[in-house]
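Trainee: Sequence:
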Amino acid sequence: MFKIFVNSWKVKEIRQKILYTLLIIAIVRLGAHIYLPGISATTVKAYTDLYSTGTLYNIIAGGSGSSYSIFALGIGPYITASIIMQLLCVAIPTLEQLSKEGEDGRQKINKYTRYLTVVLAALQGTGTAINYKSMMTNPTTLNVVIAVLSLVTGTIFIMWLAEQITAKGIANGSSILIFVNIISSLPQGISALISYAQDGGTGIAKVIGILVLLLIVIILIVRVNDAERRLPVQYSNKMAGRRMSGGSSSTFPIKVNTAGVISIIFAISLLQFPETVGGFIASKPAWLETVIDVLTMTHPVGAVLYVVLILFFSYFYTSIVINPNEIAENMKKNGGFIPGIRPGQPTANYIEKIVNRITLVGAVWFAVLALVPIVMQWIFQVNVGFGGTTLIIVVGVCLDIVKALESQLLMRHYKGFLD
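Heads up, the working numbering is the position in the sequence shown plus 718, with the first residue counted as 1.
Just so you know, not all the hints are guaranteed correct.
Said to hold, decoys possible - Cut-off 27 angstroms, straight-line C-alpha distance, at most; resulting in silico cross-link-like pairs (BS3-like, lysine-lysine):
hint: 1; residue 1: K829; residue 2: K818
hint: 2; residue 1: K973; residue 2: K1051
hint: 3; residue 1: K1121; residue 2: K973
Hints in this document: simulated from the structure, not taken from any laboratory.
All of these numbers come straight from a predicted model, not from anything done at the bench.
Build the full structure now, drawing on both the sequences and the hints.
Mentor: Below, the structure is given as structure tokens:
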């Protein structure tokens, strides 16, 4: 992997893309430390010393809620809008047809995604600004409106920066920004481990146990992320003029976890929906406080619901992405078949059965890995600030970056083809 980075740096075009990406990352991190208008930095520091305002969804969304910055919403609304549009493209025939119209169709869908991002950012920004009202030196209606406009503008700017990384930088811009925000919280986790290790021999032993567990989780994430089931496909012979063609064999890969981290994002969003609604209420009723407390992932009920929602959304998203009937029909049209399975509906049923089985395996594995930080907090009584969910994202983005650099190098070096 390090050799790929070294070779990439030697190529001028790739080096410029890397530097461009780093420049945008620096801009995002700088904006994460600019407080919203009307919020006192002294008050924020005093408050954050007493309470931990960062949530797991804020980290996943790439937000900076704990710093009360103009980028507090982060890339979250854009990610949510992208997921919603992806689902709508399957549910609404007009959008589905639009997605199949090539580059023009994709540009229109991207435009709709941006509009939806603004709407979601306005809704979420209103709740966030109301929640931050107690931190303002002069909590007037005008200052709240200015805070909302600042949050929405910050989200739009970050969305534009993410698109610039995708177009002119390395890998997917949204993933890069999420990755950077997660890594930025790593020093606090390391500091927590160091302070925990200073408690004595038992503390050091527990820290070593945590580090070993995290290493095992990283290895498992890499294995699950790249794992796939390859169905053998045989193509029958065809007459093309006077020549016989076809008769080749191939494989049809199915990823063990097609949904990936999307199922986790959906699960966290749903669990923290009552907390988001509570942001619009200045004085929360007792029953809402209880619901919010029960639905936290550190609570046994919240942890169980978290796992159930991950399983549900894994199957839901996979059923949208993979259509066994369409795959079987295309396979039949091209003269392909799975050995031992009749073409047509039997093939579709067979593919559906395989997809359901491996989706269960992948969803269970990702649910277990996502619960690692919660289990560590239960067992070791320490919150290290990073764990299964964040590691899934970090490892996945790292693999995407490596693959992007490999493809860039492959486009510019043809030595392997000439040997």
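Trainee: Each hint should be assessed against the structure and marked as holding or not.
Mentor: Quick rundown of the hints versus the structure:
1. K829 with K818: 16 angstroms, holds
2. K973 with K1051: 24 angstroms, holds
3. K1121 with K973: 17 angstroms, holds
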